[in-house]
Amino acid sequence: ILNVEQSPQSLHVQEGDSTNFTCSFPSSNFYALHWYRWETAKSPKALFVMTLNGDEKKKGRISATLNTKEGYSYLYIKGSQPEDSATYLCAFTNNAGNMLTFGGGTRLMVKP
Amino acid sequence: DGGITQSPKYLFRKEGQNVTLSCEQNLNHDAMYWYRQDPGQGLRLIYYSQIVNDFQKGDIAEGYSVSREKKESFPLTVTSAQKNPTAFYLCASRDRTNYGYTFGSGTRLTVV
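If you're matching them up, the sequences are chains A and B in order. My numbering applies: residue 34 is where the first sequence begins, and numbers increase by one. My numbering applies: residue 2 is where the second sequence begins, and numbers increase by one.
A couple of the hints might just be wrong.
Claimed, not checked - Below are the BS3-like pairs computed for lysine-lysine, each with C-alpha atoms no more than 30 Å apart in a straight line:
(1) A:Lys75 to B:Lys10
(2) B:Lys72 to A:Lys75
(3) B:Lys72 to A:Lys144
(4) A:Lys102 to A:Lys92
(5) A:Lys144 to A:Lys90
(6) B:Lys58 to A:Lys111
(7) B:Lys10 to A:Lys91
(8) A:Lys75 to B:Lys71
(9) B:Lys15 to A:Lys75
(10) A:Lys78 to B:Lys10
(11) B:Lys84 to A:Lys92
(12) B:Lys72 to A:Lys78
(13) B:Lys84 to B:Lys71
(14) B:Lys71 to A:Lys78
No wet-lab data here; the hints were simulated from the structure. Predicted, not measured: the structure shown is a model, and the values here were computed from it.
Go ahead and model the full structure; you've got the sequences and the hints to work with.
Structural data, given as structure tokens:
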């Protein structure tokens, strides 16, 4: 069983704060690293898929980086808003490329 | 709109009864997946299917069974052999790029 870990497990921040989360994954047999945003009672929605070491992706106030050699990815949210409150999941795909192995998620709560 | 439908959202069953969870997709995806989530834990893979009439066990397949008779449908049966069936169950499908996963909104099963 592959080990994908996320930290912190949960995070409470004030509106306007910037925050970041970590995802660590096996550095061998890497294929892709996915980030998802999962709101309560909805389905997880894809934020980023990263495949190359050093990849940096950005969507609005959210960005992510990837280090495949040391096996970690960071997700950053700049100027958090209450609507950013959700669970953020990372998922690793090995070079078979046919399934996702998830971390435990980081639950973010942004207070107005 | 294309997507994945899981039904029902909430399901209650008595201990010792088998129960089948529905997952239907109209995305023309070949691969489909079932995950389980327990409180405070990440999503764990139960079963997956890469093509019609074929499926493989995931990390926690004991006590579950699946079928894949049609491309659109991947039902999961939680049998009486599953020792702790109460959990949240999430279905997903994957496109042919190996990067594009789509998720349902889940079924919460409670066994009393």
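Cross-check of the supplied hints:
With a C-alpha separation of about 11 Å, the suggested pair Lys75 of chain A and Lys10 of chain B falls inside the 30 Å cut-off, and the hint holds. Between the alpha carbons of Lys72 of chain B and Lys75 of chain A the distance comes to roughly 24 Å, so the proposed pair stays at or under 30 Å and holds. Taking the CA atoms of Lys72 of chain B and Lys144 of chain A, the gap is near 44 Å; set against the 30 Å cutoff, the hint is violated. Taking the CA atoms of Lys102 of chain A and Lys92 of chain A, the gap is near 24 Å; set against the 30 Å cutoff, the hint holds.
Proximity of Lys144 of chain A to Lys90 of chain A is assessed by CA-CA distance (about 26 Å); at most 30 Å being required, the pair is judged to hold. Of the supplied pair hints, the one linking Lys58 of chain B and Lys111 of chain A is violated, its CA atoms being roughly 40 Å apart against a limit of 30 Å. With a CA separation close to 33 Å, the supplied pair Lys10 of chain B and Lys91 of chain A exceeds the 30 Å bound. A threshold of 30 Å between alpha carbons decides the hint, and for Lys75 of chain A with Lys71 of chain B the separation of about 26 Å falls inside it, so the pair holds.
Restraint check: the Cα-Cα separation between Lys15 of chain B and Lys75 of chain A comes to about 27 Å, which is no more than 30 Å; the hinted pair holds. At roughly 18 Å between alpha-carbon atoms, Lys78 of chain A and Lys10 of chain B fall within 30 Å of each other, so this suggested pair holds. For the given pair, Lys84 of chain B sits about 42 Å from Lys92 of chain A by alpha-carbon distance, which is inconsistent with the 30 Å threshold. Restraint check for Lys72 of chain B and Lys78 of chain A: satisfied, since their Cα atoms lie roughly 22 Å apart, inside the 30 Å limit.
Among the hinted pairs, Lys84 of chain B with Lys71 of chain B is consistent with the structure: their alpha-carbon atoms are about 29 Å apart, no more than 30 Å. For the given pair, Lys71 of chain B sits about 25 Å from Lys78 of chain A by alpha-carbon distance, which is consistent with the 30 Å threshold.
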